[in-house]
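Colleague: Please work from the sequences and hints to get the whole structure.
In the order they appear, the protein sequences are chains E and Y. Going letter by letter, the first sequence gives residues 1 to 113 in our numbering. Going letter by letter, the second sequence gives residues 1 to 114 in our numbering.
What the hints contain is simulated information worked out from the structure, not anything from laboratory work. Just so you know, not all the hints are guaranteed correct.
[Claimed, not checked] Some, not all, of what chain E presents toward chain Y, calculated at C-beta under 7 Å:
1) Y32
2) G43
3) L44
4) L46
5) F51
6) G94
7) D99
8) K100
9) L101
10) F103
11) T105
12) G106
Virtual Cβ for every residue (Gly too), placed ideally from N, Cα, C.
Spelled out from the first residue to the last, the chains are:
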Amino acid sequence: AQSVTQPDIHITVSEGASLELRCNYSYGATPYLFWYVQSPGQGLQLLLKYFSGDTLVQGIKGFEAEFKRSQSSFNLRKPSVHWSDAAEYFCAVGARDTDKLIFGTGTRLQVFP
Amino acid sequence: NAGVTQTPKFQVLKTGQSMTLQCAQDMNHEYMSWYRQDPGMGLRLIHYSVGAGITDQGEVPNGYNVSRSTTEDFPLRLLSAAPSQTSVYFCASSYDRFSYNEQFFGPGTRLTVL
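Modeller: So this is what it looks like as structure tokens:
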């Protein structure tokens with residue numbers, strides 16, 4: 001079965017600084033990997049996903065993520081954070097042999113002006 | 001398109017009461033699911049459905065029942081509420097059962113059980 005770990009519970013950055021949120025997964029074959037964002041009081045929205053092809057994927061709102069098989073990672077990056085990026089970010093993993101999506105515990109991003 | 005809708009937005013129950021959380025989608029999606037979100041635990045899958053008439057258990061199914069009589073609706077029933085079921089509940093849908101598909105989430109129901 002697949003699993004996913006987000007090691008950082010809470011991250012604080014200044015507006016304009018770069019951002020990297022970590023995600024590590026566990027699965028024997030090529031996983032399907034996702035990043036979702038949850039703004040306060042809202043449901044989740046897909047930022048980007050990877051399931052094959054180019055290991056660097058671009059998403060909405062200027063985010064990107066890189067799939068690194070050797071490190072079992074799928075870290076989310078943004079070169080310059082905006083105050084509106086303050087939210088909770090969830091990494092999720094799916095797989096060919098399952099119809100379930102497993103979510104990490106989330107990373108809460110706080111942005112200071 | 002309304003997307004995924006959930007009712008109610010907020011609910012307070014007493015221990016032992018029953019209730020149904022409603023979820024509907026208008027995208028003709030085959031796959032629907034229920035998650036609960038608790039602090040520090042992320043989203044955990046309760047039950048899911050790969051099509052009308054088909055349901056299955058997720059990670060934390062105990063205390064919850066579901067049914068899927070139509071493609072559009074996927075209600076979640078709490079038969080006898082317990083304080084441990086205090087949580088935020090999200091319904092989601094996706095095109096079909098394959099987990100590479102994007103899931104679309106409803107706005108959530110915040111449930112408190114006293």
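Colleague: Hint by hint, say whether it matches the structure.
Modeller: Right, here's what the structure says about each hint:
Annotation: Y32 of chain E was flagged as interfacial toward chain Y, and the flag holds, the nearest CB pair being 4 Å apart, inside 7 Å. The criterion of a C-beta within 7 Å of any C-beta in chain Y is met by G43 of chain E, whose closest approach is roughly 4 Å, and the hint holds. A hinted interface residue such as L44 of chain E counts as satisfied when its beta carbon comes closer than 7 Å to some beta carbon of chain Y; here the least separation is about 4 Å, so the hint holds. At its closest, the beta carbon of L46 of chain E sits 5 Å from a beta carbon of chain Y; the interface hint therefore holds under the 7 Å criterion.
Nearest Cβ of chain Y to the Cβ of F51 of chain E: about 4 Å, under the 7 Å cut. The hint holds. Because the smallest distance between the Cβ of G94 of chain E and any Cβ of chain Y comes to about 3 Å, under 7 Å, the interface hint for this residue holds. The restraint placing D99 of chain E at the interface with chain Y holds, with a minimum CB-CB distance near 4 Å, inside the 7 Å limit. Taking 7 Å as the C-beta cut-off, the interface hint given for K100 of chain E holds, the closest approach to chain Y being about 6 Å.
Evaluation of the L101 of chain E hint against chain Y yields a held restraint, the C-beta minimum of about 5 Å falling below 7 Å. Interface restraint check for F103 of chain E: the shortest CB-CB distance to chain Y comes to about 4 Å, inside 7 Å, so the restraint holds. Hint status for T105 of chain E relative to chain Y: holds, with the closest Cβ pair at about 4 Å, below 7 Å. For G106 of chain E, the shortest C-beta to C-beta distance to chain Y is roughly 5 Å, which falls under 7 Å, so the interface hint holds.
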